[in-house]
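Chemist: What follows is each chain in one-letter form.
Number of protein chains: 2
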Amino acid sequence: MFCLRVLLLEARDRIGGRSWSSNIGGYPFEMGGTWDSLLASALAKFVNVDGAFGRNIMPQPANMFHVPEARELDTLSAQDRIDAIAHSLSPNERAVLEGFVLLCSGGTLRGMSFLEFLHWWAICGYTYQGCLDFLITYKFSGGQSSFAINFFKEALSTKRLTYAFNSPVKSIVDKGNKVEVKTRNGHTYQAACMICTVPLNVLSTVSFDPPLPAGKRAAISIGHVNQCVKVHAEVADKNMRSWTGVTYPSNPLVYAIGDGTTPAGNTHVVAFGGDQHHIQPEEKLAETLTAVRSLAPGKMDDVRRLVFHNWSKDEFAKGAWFFSPPKLLADHLEDMRARHGNVFFASSDWALLWRSFIDGAIEEGARAAMAVKTELAKTGKAIAHL
Amino acid sequence: MFCLRVLLLEARDRIGGRSWSSNIGGYPFEMGGTWDSLLASALAKFVNVDGAFGRNIMPQPANMFHVPEARELDTLSAQDRIDAIAHSLSPNERAVLEGFVLLCSGGTLRGMSFLEFLHWWAICGYTYQGCLDFLITYKFSGGQSSFAINFFKEALSTKRLTYAFNSPVKSIVDKGNKVEVKTRNGHTYQAACMICTVPLNVLSTVSFDPPLPAGKRAAISIGHVNQCVKVHAEVADKNMRSWTGVTYPSNPLVYAIGDGTTPAGNTHVVAFGGDQHHIQPEEKLAETLTAVRSLAPGKMDDVRRLVFHNWSKDEFAKGAWFFSPPKLLADHLEDMRARHGNVFFASSDWALLWRSFIDGAIEEGARAAMAVKTELAKTGKAIAHL
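Those protein sequence lines, which keep their order, are chains S and F.
Under UniProt numbering, the residue at position 292 of the first sequence is numbered 292, and the numbers go up by one with no gaps.
Under UniProt numbering, the residue at position 344 of the second sequence is numbered 344, and the numbers go up by one with no gaps.
Honestly, I wouldn't trust all of these hints.
Dumping the calculated DSBU-like pairs for lysine-lysine here, alpha-carbon to alpha-carbon at most 35 Å [unchecked claim]:
hint: 1; chain 1: F; residue 1: K153; chain 2: S; residue 2: K153
hint: 2; chain 1: S; residue 1: K373; chain 2: F; residue 2: K373
hint: 3; chain 1: S; residue 1: K373; chain 2: F; residue 2: K327
hint: 4; chain 1: S; residue 1: K139; chain 2: F; residue 2: K373
hint: 5; chain 1: F; residue 1: K139; chain 2: S; residue 2: K175
hint: 6; chain 1: F; residue 1: K182; chain 2: S; residue 2: K139
hint: 7; chain 1: S; residue 1: K153; chain 2: F; residue 2: K378
hint: 8; chain 1: F; residue 1: K327; chain 2: S; residue 2: K378
hint: 9; chain 1: F; residue 1: K153; chain 2: S; residue 2: K373
hint: 10; chain 1: S; residue 1: K378; chain 2: F; residue 2: K175
hint: 11; chain 1: F; residue 1: K45; chain 2: S; residue 2: K378
hint: 12; chain 1: S; residue 1: K216; chain 2: F; residue 2: K139
hint: 13; chain 1: S; residue 1: K182; chain 2: F; residue 2: K45
hint: 14; chain 1: F; residue 1: K178; chain 2: S; residue 2: K153
hint: 15; chain 1: F; residue 1: K378; chain 2: S; residue 2: K139
hint: 16; chain 1: F; residue 1: K327; chain 2: S; residue 2: K153
hint: 17; chain 1: S; residue 1: K159; chain 2: F; residue 2: K378
hint: 18; chain 1: F; residue 1: K327; chain 2: S; residue 2: K45
hint: 19; chain 1: F; residue 1: K153; chain 2: S; residue 2: K175
hint: 20; chain 1: S; residue 1: K178; chain 2: F; residue 2: K139
hint: 21; chain 1: S; residue 1: K159; chain 2: F; residue 2: K182
hint: 22; chain 1: F; residue 1: K216; chain 2: S; residue 2: K139
hint: 23; chain 1: S; residue 1: K153; chain 2: F; residue 2: K373
hint: 24; chain 1: F; residue 1: K178; chain 2: F; residue 2: K373
hint: 25; chain 1: F; residue 1: K45; chain 2: S; residue 2: K159
hint: 26; chain 1: F; residue 1: K45; chain 2: S; residue 2: K139
hint: 27; chain 1: F; residue 1: K327; chain 2: S; residue 2: K159
hint: 28; chain 1: F; residue 1: K139; chain 2: S; residue 2: K159
If you're looking for bench data, these hints aren't it; they were derived computationally from the structure.
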């Protein structure tokens, strides 16, 4: 029964999708004490909607609506929550708090769900130290791709996997006893079941027959809000190696972190912006360079190189990692997760626990694989090779 | 390549081994504030060997000797560490601390490794709240066995698994190109590779040819120290439902927790003892009953039923979940994990992250499966069914 034959259709010329998205968790902060305590105290005020720093309203992170009141709370944006606690925040607390939550969402304070931020807080163990541990401290020594390639190699070693890159899917027709997939380049493929991993913001580009149900269509038309801009800069000043800063709200790049020393001996600084003050770096090179220099005036004048990829314009991503607007999860989380006939949907965008992270993609892959296996066993469509 | 044929030989008449062991994490505490803060402050003093509550000496819980000084620290017993901080502990702090660490180890304060307790602390996120979250709060609604049976069912559904219960292994002979296993009941089985899941304390009952190397033999002769005694009592007093207590050092049962209401309307209290003041409940029924009643004098006089299983005398367990004595891990963790020719060793007893827990057993199962798959691919012994 494990011996199923699998065909992988991939729009891009590589595996991994937006696994860049989780890079947010891949850069070692080296934060000073002042910074640390400012953000820690601000976050504690931000998340403490229940007198228990989120533990009462969301006691089970993998089941975010376990407490029914959480659903109602999902009407709040981050801005709504900040307005409610504004009187208790010092100006510096407010600046680092807004910078940090925008770093998480890549959206705007009004456009991002407060509850989804609370979910991040919950999966990180409800503490600021947990956020540092889970989101910031560790990265793969060989990079994300070194991780992804091992999944692919293991699948290949089974000799049950066929694949085609550069094959964006155009249409999916479920004929009841099989699914027929047409690609934009004119090929047609058939399978007993299909696992669709197209991200939420891209699903509208694929036609489904029968059409997707209303709930899924509504979720797709709402979409997620993350339009994170990530700019890597090589700068000459070696002291920036241990620097982290927030330049908010004046700068399109909100949050930046000194990340290491390049082979050329320059300092690598990675800077994040988002939809709050959006910039298309490849269209506005001068503005981008100014934004980088403004991160730490006088310290970053000698920029040797800028590196970026515009995920917002990437037709197979249309944004970075998933971050929900208010109400999307309360109204449509189950819709996004639901199967549609013989088509199963698997994406970190609607994972339950580590939604938006690579771990969520793995969670969803396992869920879909089990669902397909069970389905094929039930319908007897699988050919067992014994 | 995934289509390997697997034979399971199980000494018992059931799956699951000591999965009871993780039941320590399965009982919901309902702790009062006083208790909480006493134990929290005592634990903070206990683990704070580095001014960072263990984070500096063990920054990577899955790699406990990442900081070389940790190896030296493994010479300490829990008693050594308590002696070192005794001046800073109030009598009540010391009592709840000793009760809690003995609950974790099932051993004695002198016999248990301080570093292994620090490892528990680290995998729980270096906080008392984390210990409650990871060790205490959650359990499977259907019990451990409802979890284990799903692994077995999934393996069966592959139609690649054959199994034999009541088949304790007597000898393992590695002939280079295959492994030959003899059971006590006279059967002989052969395989290209073997995964041995016999617990550390039981490995001495199996003969190996060629003999196990010196490091593995040394680890086996040292063994682990957990001789936890777990006694379930049904008592009439309904108020005990929300009670948790430590009776230490006077009572063989150190730690007890009100755990629920039985269908008969009685209160279920679960009590733990260990090697510190060991009792064989089935040999000393009167003493056991006295120990239960002494947990909360006057509150537990009306005991309706006692339930227990003596893991110490269980020939296929010889103890409960793994807990190391000083130096065993520093000297022999890698020895315990090493393969021996075509025999691979997989047990939660030598897992890296959730050692002693079900999660550690899963970690080890995945490690062994990958090692065998890689080995068979390399040697070409596997028959691919394509």
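Chemist: Now look at each hint and say whether the structure bears it out.
Modeler: Now for the hints, and whether the structure bears them out:
1. K153(F) to K153(S): Holds. K153(F) to K153(S) sits at ~27 Å (cutoff 35 Å).
2. K373(S) to K373(F): holds, 21 Å
3. K373(S) to K327(F): violated, 46 Å
4. K139(S) to K373(F): holds, 27 Å
5. K139(F) to K175(S): violated, 43 Å
6. K182(F) to K139(S): Judged against 35 Å, a Cα distance of about 46 Å means the pair is violated.
7. K153(S) to K378(F): holds, 15 Å
8. K327(F) to K378(S): Judged against 35 Å, a Cα distance of about 52 Å means the pair is violated.
9. K153(F) to K373(S): Roughly 13 Å separates the two Cα atoms, so the pair holds.
10. K378(S) to K175(F): Cα-Cα ~42 Å, so violated.
11. K45(F) to K378(S): violated, 56 Å
12. K216(S) to K139(F): holds, 34 Å
13. K182(S) to K45(F): violated, 64 Å
14. K178(F) to K153(S): OK: K178(F) and K153(S) at ~27 Å, within 35 Å.
15. K378(F) to K139(S): holds, 30 Å
16. K327(F) to K153(S): violated, 39 Å
17. K159(S) to K378(F): holds, 15 Å
18. K327(F) to K45(S): Violated: K327(F) and K45(S) sit about 44 Å apart, past 35 Å.
19. K153(F) to K175(S): Within the cut-off at roughly 31 Å; holds.
20. K178(S) to K139(F): violated, 40 Å
21. K159(S) to K182(F): holds, 34 Å
22. K216(F) to K139(S): Distance of about 34 Å is within 35 Å: holds.
23. K153(S) to K373(F): Between K153(S) and K373(F) the Cα gap is close to 13 Å, so the pair holds against 35 Å.
24. K178(F) to K373(F): holds, 15 Å
25. K45(F) to K159(S): violated, 55 Å
26. K45(F) to K139(S): Status holds; Cα separation ~31 Å.
27. K327(F) to K159(S): violated, 45 Å
28. K139(F) to K159(S): The hint is violated at about 39 Å.
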